[in-house]
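**Q** As a plain string of letters, each chain reads:
There are 2 protein chains.
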Amino acid sequence: MLELRHLRTLIALRDAGSLVEAAERVHLTQSALSHQIKDLEERLDNPLFVRKTRPVEFTRAGQRLLTLAEQVLPLVRMAERDLARLAGNEQGRLHMAIECHSCFQWLMPTVDHFRDHWPEVEIDIPGGHHFDPLPALAREQLDLVITADPQPLPGIHYEPLFRYEGLLAVARQHRLAGKPFVTPEALAEETLITYPVEHSRLDVFTQFLDPAGVRPKELRTAELTIMMMQLVASGRGVCALPNWALTEYLERDYVKAVALGEKGVWSTLFAAIREETRQAPWMEDFLRTARETSFAVLEGIKPA
Amino acid sequence: MLELRHLRTLIALRDAGSLVEAAERVHLTQSALSHQIKDLEERLDNPLFVRKTRPVEFTRAGQRLLTLAEQVLPLVRMAERDLARLAGNEQGRLHMAIECHSCFQWLMPTVDHFRDHWPEVEIDIPGGHHFDPLPALAREQLDLVITADPQPLPGIHYEPLFRYEGLLAVARQHRLAGKPFVTPEALAEETLITYPVEHSRLDVFTQFLDPAGVRPKELRTAELTIMMMQLVASGRGVCALPNWALTEYLERDYVKAVALGEKGVWSTLFAAIREETRQAPWMEDFLRTARETSFAVLEGIKPA
DNA sequence: CGACAACATGAGAAATACTCATTTAAAGAC
DNA sequence: GTCTTTAAATGAGTATTTCTCATGTTGTCG
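If you're matching them up, the sequences are chains D and E in order. In this text, residue positions in the first sequence follow my numbering: the first is 1, and each later residue adds one. In this text, residue positions in the second sequence follow my numbering: the first is 1001, and each later residue adds one.
Read the hints as simulated data drawn from the structure, not as lab findings. Hints may contain errors.
[What the hints assert, rightly or not] Distance ranges between label pairs, derived from CB positions:
#  : chain 1 : residue 1 : chain 2 : residue 2 : range
1  : E       : GLN1030   : D       : MET78     : 29 to 37 Å
2  : D       : ARG77     : E       : GLN1030   : 27 to 35 Å
3  : E       : LEU1250   : D       : LYS38     : 50 to 58 Å
4  : D       : GLN207    : E       : VAL1050   : 52 to 60 Å
5  : D       : PRO154    : E       : GLN1030   : 45 to 53 Å
6  : E       : ILE1125   : D       : HIS117    : 46 to 54 Å
7  : D       : ALA296    : E       : VAL1050   : 23 to 31 Å
8  : D       : HIS117    : E       : VAL1050   : 39 to 47 Å
9  : E       : ASP1112   : D       : ARG60     : 27 to 35 Å
10 : D       : PRO160    : E       : ALA1296   : 45 to 53 Å
11 : D       : MET78     : E       : PRO1047   : 15 to 23 Å
[As the list claims (entries may be wrong)] To give an idea of the chain D side of the interface with chain E (calculated C-beta under 7 Å), a few residues:
#  : residue
12 : LEU44
13 : VAL56
14 : GLU57
15 : ALA61
16 : GLN71
17 : LEU73
18 : ALA271
Backbone N, C-alpha and C fix where the C-beta goes; we use that ideal spot for every residue, glycine too.
Please model the complete structure; the sequences and the hints are all you need to start from.
**A** Have a look at this one:
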């Protein structure tokens, strides 16, 4: 018998393009999905997708089921939201801080969507606070903090959102452009541009340069991504940024990107929340939509 | 996680009015449904229906899920139909005979519905054949026969549709009216009106009178239910009919009904089909909708 | 009150959905 | 062409879920 599980799988498969990645998204193994879909295909007596292509291509039967999924799953989600409200957990506050300078890109659609669906929850990103966000979260001045470096604090839970790769942006004609990856040592000859924050909060240092004991030749800071890009493009330095923050500049061929080290430097972005708010239906919904929109909007990220 | 299974259960529960009957409809035990719904309620943190009422009464949460089910399940069914078509089993013929004089009432809506959804399948109820329907089914002159007395024939499968009770219709002022049930012996004093068919095909004889060795004082036949009702109402005899064939006359208080024996006489109505056509998706769909419409249209019947 | 009907509950059985370890197949690299 | 890498399939075993069975509880009606 067809179940919602199958529809969810197919949607994940379409969005991911391969079984392996789809499996990550729904938090199952590749094998599980392979079996699941095989069962389904046998019962329907019809293949659902062509495996030999990248991304996978759906047969007519597969497309029909995807159509069904698109009709049905939103209805189901709306119903679940209504039920959560009926359960009585409707009041709430969601004030958040963002430690990640380029996160607004995907956070804004999430916030908009959320505001529509949970009008009773007061959602806000209060600007211009100068205190440390994580302690502020603990003392209930904030309700959610987007951060890439979780620090163990009592009562604080870190909910992984997605993993992303730190890439090194270099000028198009730069000597490192086109290399498959860059070694820490190579950066000893470069000017590194960063956001004006402590080095302990930057992955280039903590995960790449510090372990190798290397320091860049020179350091300079910039507030905004676009300024960094201008500096990089004009050959005044290099900078490390999340892959998704770079895609638009890469597409316009404004700069080039190289991986940091052979394996790349991968970090996880977290939503820090208080344990008490973790079960709240609107919080679960916010995290879910946050993940969904980030996967929809950003390229090159992976499930945590 | 919410699944279609839950929605199907809730619909069955609403249609049936009690867990016990709903369980019969979805072919599970009462216990299974009880557990299933309990799980759901716990996860939603909300009761779904009030158990102490008959029929059960749904809470707001339950109603919300029912709404969802009504939106979603038809979509799912349409998709399944499309998939069955894609699987290639689209051609078919469905000529049927009806051995049961009062079946048109529920069969017609079924046929109409089916014609809409399977335009490629030729559906018909050829009239005026004088041959025995079951052998005609075996030799492929027919594809489906509605009958209440299955006879073992090679290659013929009897698919139970529903169970119904045979009731004795008597005039309002008749001496038996108002009794909880009637004994076979009591019929020895009555004129029994039947359809003009062999007695071996009438449950009153096979299940009630013959076992007790009783014969009615007199016998007469009538072609149509309405004629029988007129004879009964005017005190010219009594007649045994399925409970659902009587409801409209009972509601208008045209005649009264009494059960046949303490336990009542229950029969099962079958759809006789050839084994080969049993798996055909349109056949499965026809049987499903036949069951559905009969439960929707007829009162007092039970799942087989 | 006692009998009956509907639902709940706990324990164990059956079905199913998953994981792990391997194999097969295809696509790229050299 | 062979070697490597990546994706998907497969089989066996495990875990989980979902049933059934047997029994207990509660409410209803004569």
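**Q** Determine for every hint whether it applies to the structure shown.
**A** Hints versus structure:
no., hint, verdict
1, GLN1030/E to MET78/D: 29 to 37 Å, "31 Å, holds"
2, ARG77/D to GLN1030/E: 27 to 35 Å, "31 Å, holds"
3, LEU1250/E to LYS38/D: 50 to 58 Å, "53 Å, holds"
4, GLN207/D to VAL1050/E: 52 to 60 Å, "58 Å, holds"
5, PRO154/D to GLN1030/E: 45 to 53 Å, "47 Å, holds"
6, ILE1125/E to HIS117/D: 46 to 54 Å, "51 Å, holds"
7, ALA296/D to VAL1050/E: 23 to 31 Å, "41 Å, violated"
8, HIS117/D to VAL1050/E: 39 to 47 Å, "29 Å, violated"
9, ASP1112/E to ARG60/D: 27 to 35 Å, "28 Å, holds"
10, PRO160/D to ALA1296/E: 45 to 53 Å, "49 Å, holds"
11, MET78/D to PRO1047/E: 15 to 23 Å, "21 Å, holds"
12, LEU44, "5 Å, holds"
13, VAL56, "18 Å, violated"
14, GLU57, "16 Å, violated"
15, ALA61, "5 Å, holds"
16, GLN71, "5 Å, holds"
17, LEU73, "9 Å, violated"
18, ALA271, "21 Å, violated"
When held up to the earlier numbered hints, the structure conflicts with 7, 8, 13, 14, 17, 18 and fits the remainder.
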